[in-house]
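There are 2 protein chains.
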Amino acid sequence: MKHNSYFEGKVQSLAITTTAGPATVGVIEPGKYSFGTDCEEHMHVVAGTLAAKLPGGEWQSYGQGQFFVVPPHVKFEVEAAGDVAYLCYYKR
Amino acid sequence: MKHNSYFEGKVQSLAITTTAGPATVGVIEPGKYSFGTDCEEHMHVVAGTLAAKLPGGEWQSYGQGQFFVVPPHVKFEVEAAGDVAYLCYYKR
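Chain order of the listed sequences is F and G. Sequential numbering of the first sequence, starting at 56, is according to our numbering. Sequential numbering of the second sequence, starting at 56, is according to our numbering.
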């Protein structure tokens with residue numbers, strides 16, 4: 056299985072194939088990060104709370120069980136005050 | 056963050072600190088595995104379906120959003136037909 060590490064190991068993920076398509080489960084350690092998308096992404100918070108700022112939007116906070124959709128080919132920002140576990144689906 | 060790899064990389068996890076205590080998020084690739092617990096574990100299925108056999112119990116299947124509790128100091132078996140993402144809380 057593919058193990059990815061970003062931002063000097065502060066964001067790490069494991070690849071998974073689901074019935075809803077390819078996804079990653081991962082952990083975001085406290086900090087503020089900028090990500091880019093290739094395809095549409097459905098980002099589900101599994102544990103913790105994640106703030107996200109999508110293009111043209113305001114900062115919004117997502118708790119356990121909540122998700123947000125990121126359009127393809129954009130940059131977006133996230134900020135975690137504590138550890139966050141997530142499940143991200145890639146809609147190719 | 057701690058990245059653990061078991062069973063020749065077929066089970067991998069990432070450590071996380073949550074408001075409910077220490078936990079790991081991970082992926083189980085298809086196969087049958089035997090685990091042992093040090094403390095009570097609360098195993099939540101985040102994606103996919105996981106069959107588990109606890110001591111003295113029968114095989115039971117857990118889907119996305121379901122969880123099972125494993126007592127401390129026991130061995131238990133799990134079997135995955137497809138990839139499974141999980142969140143496991145350690146109740147020390």
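In short, the hints are calculated from the structure, not lab data. Hints are not guaranteed to be accurate.
A pair holds if it fits inside one copy or across any two, identical chains being indistinguishable in the list.
As the list claims (entries may be wrong) - Dumping the calculated DSBU-like pairs for lysine-lysine here, alpha-carbon to alpha-carbon at most 35 angstroms:
1. K87 to K130
2. K108 to K130
3. K87 to K146
Here is what the structure says about each hint:
Within a single copy, K87 and K130 get their C-alpha atoms as close as 13 angstroms, which meets the 35 angstroms cut-off; across copies the closest is 40 angstroms, which misses it. Proximity of K108 and K130 under a CA criterion of 35 angstroms is satisfied intra-copy only: 9 angstroms inside one chain copy versus 44 angstroms between copies. Taking the closest pair of Cα atoms, K87 and K146 come within 35 angstroms of each other both inside a single copy (24 angstroms) and across two copies (29 angstroms).
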